[in-house]
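**Student:** Which chain is which? The protein sequence lines are A and B, in order.
For what it's worth, numbering that gives the first Met the number 0 labels the leading residue of the first sequence as 0, then goes sequentially.
For what it's worth, numbering that gives the first Met the number 0 labels the leading residue of the second sequence as 0, then goes sequentially.
By construction, these hints were calculated from the structure, which means they are not laboratory data.
Some hints could be false.
Identical copies look the same in the list; a pair holds intra-copy or inter-copy alike.
[To be verified] BS3-like cross-link-like pairs, simulated, lysine-lysine; straight-line CA separation at most 30 angstroms: (1) Lys224 to Lys90; (2) Lys222 to Lys168; (3) Lys150 to Lys110; (4) Lys238 to Lys101; (5) Lys90 to Lys238; (6) Lys286 to Lys90; (7) Lys224 to Lys184; (8) Lys224 to Lys268; (9) Lys110 to Lys238; (10) Lys150 to Lys283; (11) Lys238 to Lys268; (12) Lys101 to Lys90.
There are 2 protein chains.
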Amino acid sequence: MLPLPSRFLSSLLLRLNGRMLLVDCGEGTQITMRELGWGFVNLDFILITHFHADHVAGLPGLLLSLSNYGRTQEVTLVGPVGLGQVVNSLKVIAPELGFSLKFIEFSTEDKYAAEIMLGEFRVSALPLSHSLPCLGYSISIPRKGKFDPRKAIALNIPIEYWKILQEGKSFLCYKPEMVLGPPRKGLKVSYITDTLPIDTIPDFVFGSDLFICEGMYGDEEYKEKGETNFHMTFADAAKLAVAAEVEQLWLTHFSPALTAPENYLERTKEIFDNTVVGHDRMTKTLKFVD
Amino acid sequence: MLPLPSRFLSSLLLRLNGRMLLVDCGEGTQITMRELGWGFVNLDFILITHFHADHVAGLPGLLLSLSNYGRTQEVTLVGPVGLGQVVNSLKVIAPELGFSLKFIEFSTEDKYAAEIMLGEFRVSALPLSHSLPCLGYSISIPRKGKFDPRKAIALNIPIEYWKILQEGKSFLCYKPEMVLGPPRKGLKVSYITDTLPIDTIPDFVFGSDLFICEGMYGDEEYKEKGETNFHMTFADAAKLAVAAEVEQLWLTHFSPALTAPENYLERTKEIFDNTVVGHDRMTKTLKFVD
């Protein structure tokens, strides 16, 4: 909620084949992006969980920078209903951008997830339980089945056209499923913050390679406070990780009063072993597993 | 305009007898304030030069933090006409603050400075010449005349009441001017950014102990570009410093393309010797001179 000198506000940047997707944009996000050095202009998608300043205050500055860096291509923003109104209010200090904005607003009225393809990212949004409308996100990278050259040979497909089918595209009378096996396990990253540990979360984040989850409080003594503030403890997050059979859990969004989150790591690992305490500019490369 | 990893956006924080006044609030200002460690809740006044994101995007986050740190006292904001509208738009992401906001808006229609007392700070605002309405600020700390004990003795004022008169307050039939000499030289800090070097500036910043001025471009080759963009070169700033007979000049607000501003320092010192190239979190203590 408060940016600290060595703890900027929570935000997640995903990069796939050079294109980028950002989740949340607290104050200072663009400063971190500069330090990261992945560039700016290829940022195509921005997902916002909710409209508290600590998750969105960096947006007008970031959009202005995108424009100053020369972006002209439309940027798609996704968030709860009201997104367009909020962003247009914030744009009062960045009125002239070199690109247009597209808003996709999801209702948080019911408890079911919505799904949408954004470029190569498959994005699901789940209504959460916070003091105002809030969405959790799962971003998946689907993976096509394995190419079987024997099938291609049996079908007499000239070798120079194999690549088209391998990329999942049809060609003349040939369809990719003729030469590809069943879809393989892709990649999945989930981002859940500012919510109670509601029972729709495990299904939603199930099987994530990386599950990034808020841990507002380290000490279970704050469990009750978390319930009042619509926030979670480390144990809450770890229990979700167990139920969802995720590969790894990153804890983030610590209370400013929680000065040494690593003090609670050992206890949390007793619930879910592959737990990591998040820190600024933490990065990870996820690869398809064969 | 763009925050760089080691170069946050320009902002000035003044502290006097524990109370604080901020000039401009670009994205990340509250992060720097945390690093500085002067606290938050005593921030009484915020002056905004103009409504470009790089000078104001940090405002909603800062106001929210002030509220979270427990401030309940009104905060006064000063800026060009339209300030209230801009701040209320930005407040869409920080709707509930624990304190009220007071807006003081200055017209930028004419070329004359306006003056106002904010607590112990005497604030003057000068309309500048930028691509949108913009104000420069001079903040002065007036200093009372020297106390003359001989006058107090001659007037038979009991010694236990001297302090009241020394503080500039009247007491019974006694007035401070009866025992104080003429007002002495106070302190003056001026902040001029985002403008052409217009001819009203030297008078306005005259005699500043500290003159903080934009130097968008180091190389005089960019003089023409500066005129198009309503910005100044180092030489422009140094010439203003000479004309205004200031004590010291701090250069700030460098173009992102100006990666090594110190390369142009020597040449600038030939115009105005006491020139300093600004850097993040630079601080200076100014004291009354006897």
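**Student:** How would you classify Lys101 and Lys90 at a CA-CA limit of 30 angstroms: within, between, both, or neither?
**Tutor:** For Lys101 and Lys90, both the intra-copy (14 angstroms) and inter-copy (22 angstroms) Cα distances are at most 30 angstroms.
**Student:** Can you give me the call for Lys238 and Lys268, within, between, both or neither, at a CA distance of at most 30 angstroms?
**Tutor:** within (10 angstroms within a copy, 63 angstroms between copies)
**Student:** From the Cα coordinates, with 30 angstroms as the cut-off, is the pair Lys286 and Lys90 best called within, between, both, or neither?
**Tutor:** neither (37 angstroms within a copy, 41 angstroms between copies)
**Student:** Since the copies are identical, ignore which copy is meant and state whether Lys150 and Lys283 lie within 30 angstroms (CA to CA) inside a copy, between copies, both or neither.
**Tutor:** For Lys150 and Lys283, the Cα distance exceeds 30 angstroms both inside one copy (36 angstroms) and across copies (76 angstroms).
**Student:** Is it within, between, both or neither when you check Lys224 against Lys184 at 30 angstroms Cα-Cα?
**Tutor:** Neither: 39 angstroms inside a copy, 54 angstroms across copies.
**Student:** Within a copy, between copies, both or neither: which one fits Lys224 and Lys90 at a CA-CA cutoff of 30 angstroms?
**Tutor:** between (35 angstroms within a copy, 26 angstroms between copies)
**Student:** Taking 30 angstroms as the upper bound on the Cα-Cα distance, should Lys238 and Lys101 be classified as within, between, both, or neither?
**Tutor:** Intra 37 angstroms, inter 47 angstroms, cutoff 30 angstroms: neither.
**Student:** For Lys224 and Lys268, with the copy left unspecified, which applies at a CA distance of at most 30 angstroms: within, between, both, or neither?
**Tutor:** Result: close within a single copy only, 22 angstroms intra versus 58 angstroms inter.
**Student:** Using 30 angstroms as the alpha-carbon threshold, which applies to Lys222 and Lys168: within, between, both, or neither?
**Tutor:** Neither. Shortest intra-copy (51 angstroms) and inter-copy (55 angstroms) distances fail the 30 angstroms Cα cut-off.
**Student:** With identical chains treated as interchangeable, where does the CA-CA distance between Lys90 and Lys238 reach 30 angstroms or less: within a copy, between copies, both, or neither?
**Tutor:** neither (40 angstroms within a copy, 36 angstroms between copies)
**Student:** Cα distance capped at 30 angstroms. Does Lys150 pair with Lys110 within a copy, between copies, both, or neither?
**Tutor:** The answer is neither: 44 angstroms in one copy and 81 angstroms across copies each exceed 30 angstroms.
**Student:** Is it within, between, both, or neither for Lys110 and Lys238, if the alpha carbons may be no more than 30 angstroms apart?
**Tutor:** Within one copy only: 20 angstroms inside a chain, 64 angstroms across chains, cut-off 30 angstroms.
Violation of the numbered hints given earlier is confined to hints 2, 3, 4, 5, 6, 7 and 10; the remaining hints are satisfied by the structure.
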